[in-house]
Amino acid sequence: MDRRTGLQGAKRKWACAMAVGIALFSFHQAGWSEVTPAVAGADAPVIDKAEADGIIFERQQVMLRLDKDAKTLGMIAAGSAPASKLAETTRSIAEAARDSVAAFETVAPGGRSKPEVWSNHPDYMRALRDFAVKAEAMAKAGQGGDVNAVTGLMIDAMPCKQCHDRYRAPKTS
Amino acid sequence: MRPAIPIMTALICAATASLAAVPADSVRSRVAGYRALGAAMKGLTEGVRQGDAGSPRLQAAARDIVAASKAQYRWFPQGSGPQPGVKTAARAEIWGNAPAFRTAQDNFARQATAVERAVAAGDASALRGEIRKLGGACKACHDQFRTSDD
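From first to last, the protein sequence lines are chains B and C.
Counted the way our numbering counts, the first sequence spans residues 1 to 173.
Counted the way our numbering counts, the second sequence spans residues 174 to 323.
It should be emphasised that the hints constitute simulated quantities derived from the structure, not laboratory data.
Do not rely on the hints blindly, as some may be mistaken.
Straight-line distance between alpha carbons at most 27 Å, and here's what the computed DSSO-like set of lysine-lysine pairs gives [to be verified]:
{"id": "1", "chain 1": "B", "residue 1": "Lys85", "chain 2": "C", "residue 2": "Lys243"}
{"id": "2", "chain 1": "C", "residue 1": "Lys215", "chain 2": "B", "residue 2": "Lys140"}
{"id": "3", "chain 1": "C", "residue 1": "Lys243", "chain 2": "B", "residue 2": "Lys71"}
{"id": "4", "chain 1": "B", "residue 1": "Lys171", "chain 2": "C", "residue 2": "Lys260"}
{"id": "5", "chain 1": "B", "residue 1": "Lys114", "chain 2": "B", "residue 2": "Lys68"}
{"id": "6", "chain 1": "C", "residue 1": "Lys260", "chain 2": "B", "residue 2": "Lys134"}
Remember, predicted model here, so these are calculated numbers, not experimental data.
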């Protein structure tokens, strides 16, 4: 391989990563206007402190799994991780997205969840369920190993920043 | 042969010391340990969510968690904390405030045993509570002794 091709390859990867970044950013700018406030999740049972901490821990673990897989997927899309990991990575994101629905079902204020997670609980849960459905569709597309098909679905299937801007508090420590 | 004993002891000490002297290896093995622990915890949570309480699969997960809760005491040798060239989420306070860290480890170990007992008893709702408390013990230590990057 001559040096120019190598350089162009690197540029292409960079350009692709930039494009994904810009797309995610513009999507986030457009997002969320349709969300309406709702009554607190009065349907959910209330739990004592030791158990509440466990619930918070569980949802944070699910988010950390998502984070790890989203980073891998970004690298696959940019060509800096092998496409052979596509099926497994998108499958794992779909599973974690599904787990995130269960993990936020019980009202347990704390962690970095903003109070709005609980005061808009039905809307919040709808956003998570929608996330799970789209991530599942992306996983289906990923099973064939077609990176372009997945890249096309990625922005919709991973509304991470869009949700965090509204529902996740900044880091404290 | 009597002189062999001090020599062997010295060799073993040297071997142990040289193992402990490679912080990256200590970090790698504890991260592997925590990943296995995370996987066991996930298996437990999912099993219970699906209505399982005392199946062999859950028993195995609980055993793994108890095993990790014993092994954890060896995961933080002196000198395996944050330093240039080593990627670790362990905070320096683990060594700087050893008694508090030890307490966090003990709380986790105690709750791991409680979970194992609850799996043996096979009562789904009691088990769910114990698993949550176990998660609380994980969180208590992470909040105080582990850095997060996002």
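Query raised in the report: Holds or violated: are the alpha carbons of B/Lys85 and C/Lys243 at most 27 Å from each other?
Result: The given pair, whose Cα atoms are some 34 Å apart, is violated under the 27 Å limit.
Query raised in the report: Straight-line Cα separation of C/Lys243 and B/Lys71 no greater than 27 Å?
Result: 32 Å, violated
Query raised in the report: Is it true that the CA of C/Lys260 sits at most 27 Å from the CA of B/Lys134?
Result: 34 Å, violated
Query - Straight-line alpha-carbon gap B/Lys114 to B/Lys68, limit 27 Å - result: Measuring from Cα to Cα gives roughly 23 Å; hence the hint holds.
Query raised in the report: Does the alpha-carbon distance linking C/Lys215 and B/Lys140 stay inside the 27 Å limit?
Result: Distance ~23 Å between C/Lys215 and B/Lys140 Cα, so the pair holds.
Query raised in the report: For the pair supplied as a hint, B/Lys171 and C/Lys260, is the alpha-carbon distance within the 27 Å limit?
Result: Holds - the C-alpha atoms of C/Lys260 and B/Lys171 are around 21 Å apart, at most 27 Å.
In this structure, the hints that do not hold are numbers 1, 3, 6, in rising order.
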